[in-house]
Amino acid sequence: MREAILWILSFISLLVSLFWLQIIYLKKKEKRIIKNYPSISILIPAYNEEKNIAKTIRSVLNLDYPKEKMKIIVINDGSSDNTKAVASKFKDVFVIDNKHKGIGKASALNQGLKFANTELFAVLDADSEVSRDSLKKLVQMFNDKKTAAAISRIKVKNLKNIFTYIQRIEYILATFIRNLMSKIDTLHITPGVLSVYRTNVIKKLKNFDEENITEDLEIAMRLRYYNYNVKMNDGAVTYTNVPSSFKGLWGQRIRWFRGFIQNNLKYKKMFMSKRHGVMGKLQLPLNAITFFTILLTFFLLIYELIRSLYQNITKLSLLKSDIYYLIEFPSLKELVLGIDIKYIFPLTISFIISLFLLHLAHKSSKEKWIFNPALLIYFTVYPLLRLAHWITAMYKETIKGKRKW
Amino acid sequence: MVNYKKILLVSFSITILVFLGGLLLGLSLDDTKVSDLINNLNQNELNRESYLVEQEFIQTVGGSLCDLSSPRIQGLSNELANLGQLLTSYEKASLLKNSEYTYLKTKYFLLEIRTFALFTNLKKECNYDLNTMLYFYDQGEQESLNQGYIIDSLVESHDNLHIFSFDRNFNEPTLGALKLHYNVTKSPAVIINNEIKKEGLTSLNELKEILNYE
Chain X
1 MREAILWILS
11 FISLLVSLFW
21 LQIIYLKKKE
31 KRIIKNYPSI
41 SILIPAYNEE
51 KNIAKTIRSV
61 LNLDYPKEKM
71 KIIVINDGSS
81 DNTKAVASKF
91 KDVFVIDNKH
101 KGIGKASALN
111 QGLKFANTEL
121 FAVLDADSEV
131 SRDSLKKLVQ
141 MFNDKKTAAA
151 ISRIKVKNLK
161 NIFTYIQRIE
171 YILATFIRNL
181 MSKIDTLHIT
191 PGVLSVYRTN
201 VIKKLKNFDE
211 ENITEDLEIA
221 MRLRYYNYNV
231 KMNDGAVTYT
241 NVPSSFKGLW
251 GQRIRWFRGF
261 IQNNLKYKKM
271 FMSKRHGVMG
281 KLQLPLNAIT
291 FFTILLTFFL
301 LIYELIRSLY
311 QNITKLSLLK
321 SDIYYLIEFP
331 SLKELVLGID
341 IKYIFPLTIS
351 FIISLFLLHL
361 AHKSSKEKWI
371 FNPALLIYFT
381 VYPLLRLAHW
391 ITAMYKETIK
401 GKRKW
Chain D
1 MVNYKKILLV
11 SFSITILVFL
21 GGLLLGLSLD
31 DTKVSDLINN
41 LNQNELNRES
51 YLVEQEFIQT
61 VGGSLCDLSS
71 PRIQGLSNEL
81 ANLGQLLTSY
91 EKASLLKNSE
101 YTYLKTKYFL
111 LEIRTFALFT
121 NLKKECNYDL
131 NTMLYFYDQG
141 EQESLNQGYI
151 IDSLVESHDN
161 LHIFSFDRNF
171 NEPTLGALKL
181 HYNVTKSPAV
191 IINNEIKKEG
201 LTSLNELKEI
211 LNYE
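Protein chains in written order, with this note's numbering: chain X, 1 to 405; chain D, 1 to 214.
The set of hints was computed from the structure by calculation and includes no laboratory data. Careful: at least some of the hints might be erroneous.
Think about it this way: if two alpha-carbon atoms lie no more than 30 angstroms apart in a straight line, the pair counts; the simulated DSBU-like pairs of lysine-lysine are [claimed, not checked]:
| no. | chain 1 | residue 1 | chain 2 | residue 2 |
| --- | --- | --- | --- | --- |
| 1 | X | Lys146 | X | Lys203 |
| 2 | X | Lys274 | D | Lys5 |
| 3 | X | Lys55 | X | Lys114 |
| 4 | D | Lys92 | X | Lys320 |
All values derive from a computational prediction rather than experimental measurement.
Here chain X stands alone, though its shape is the one from the complex (with noise of 0.2 angstroms):
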């Protein structure tokens, strides 16, 4: 039975790998030159930025884009810094209060919407930088009429231990997912790190969903559920901060995994519907594949650790001090032809996949490999932390547990 899990397992990851490898080598012409770029307010959402916020803004005020055509709002979400005297020094710059303070970023957003009176806007949380072309390279995706946002390649920008150097792993490995995405037309995640929108279809659409935990994703299904585009432009960089401890990133995770199960159901009408096209047919079939592997990932887990845990428990309470003389390690040869094809052939398959992806990702970004203790845990303990996140994801999902953004 564990047998034929794992294989369930490792066919189901080699599949749609190979799936998303056919995709890289598709070639999808894009029409990318822009003669008069469009109005644009830059939304800056902030709560106790203090530290970050001026960065964030000259980085902006350094865009290459024609000034008079850009407009920056930071929205002041409560702080109890000096996050609003801070942003105020910047004579460009427009500084509101939100009159809904603590409530949530969404509402922070919607309420810059209120002045946001240009063709697009951009989001861009306040711990984030962005790079002198990024904006320009954003707008340029807005020549399909129905592309209706566009987002960014996001790096790392606090690299400093443990646990920034393995969210870069994952910020490289989610790039190159997401511009496999919107190769197909699928992609449906605009992440606060610089995303842009088209203004009158968000507002036509009752902008972002104040009672969402991630009102960045909610918001790209909400635009694929009325069948408008979503699109990246690799080229076009952020850098942002991530979490720096174990509990920062616990609860960005535990957030991010409880949006995502919330809203593929509050989209599940998308779920094989013809009329949503490859994200109906096979973006959320494929999401749903993830959640179910995710399950059945951590029912196998946590069985072998329980039946390794009463194995060496019995072990112990028969043999006592004895259990000692039970310690003994195999020849190379034992090692070899002792090898176990039904759980070594699908564990060694799933991790050459990751691998493999990781390797492309990386070439994809130029980015270089960095071979320190980070990557070791990125595939040793870090699978397992995320398989935790996912579960307490999944549980506070559904006792419908405290929402926190």
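Based on these hints, arrange chain D on the given structure of chain X.
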């Protein structure tokens, strides 16, 4: 227009091919394991035969059979134990439970019975300080597994204990006769020095007491 059906079909076909490759790899590893076991069995039989020839020679030219046997029995016992471990671990890890393992197990159990008879005789004739234990188990049964841990730790700590383990449900006439002789009705069961029979899980302390180990 992207042909997703074609992409999925190609992905599916490659996945099937990779998994078929894995299956072939597993089967070829199984073959290597079986050859390794056959080599080990042959080597074991050869060593046993060499010992018997030596015994015959000593009997013909006159000499002490017991002096000759002493250094060799430990070797024979260790080889047999290693072979048993290999057989168990290889069979557990085999991709398809094929008839070859049934054949190898039959040969192994017969070799064990022969060696057990030899050891029993030597103990009687030469008054060796050795203990024999016949161990009957049920594959996959927790109690048998627990008895296995106990016996393994005992063997590792006492050189003069020689174990002969048998799958109680294995269908082989000689093994059937052995079970009948000792009236083995359930697993795990141990027969110590041809005299004491214990059915059900026997604790480490109890076994140590019976065998005078402390």
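The hints, checked one at a time:
no. : hint                 : result
1   : X:Lys146 to X:Lys203 : holds, 15 angstroms
2   : X:Lys274 to D:Lys5   : holds, 15 angstroms
3   : X:Lys55 to X:Lys114  : holds, 25 angstroms
4   : D:Lys92 to X:Lys320  : holds, 27 angstroms
Every hint, counting from the list given before, is met by this structure.
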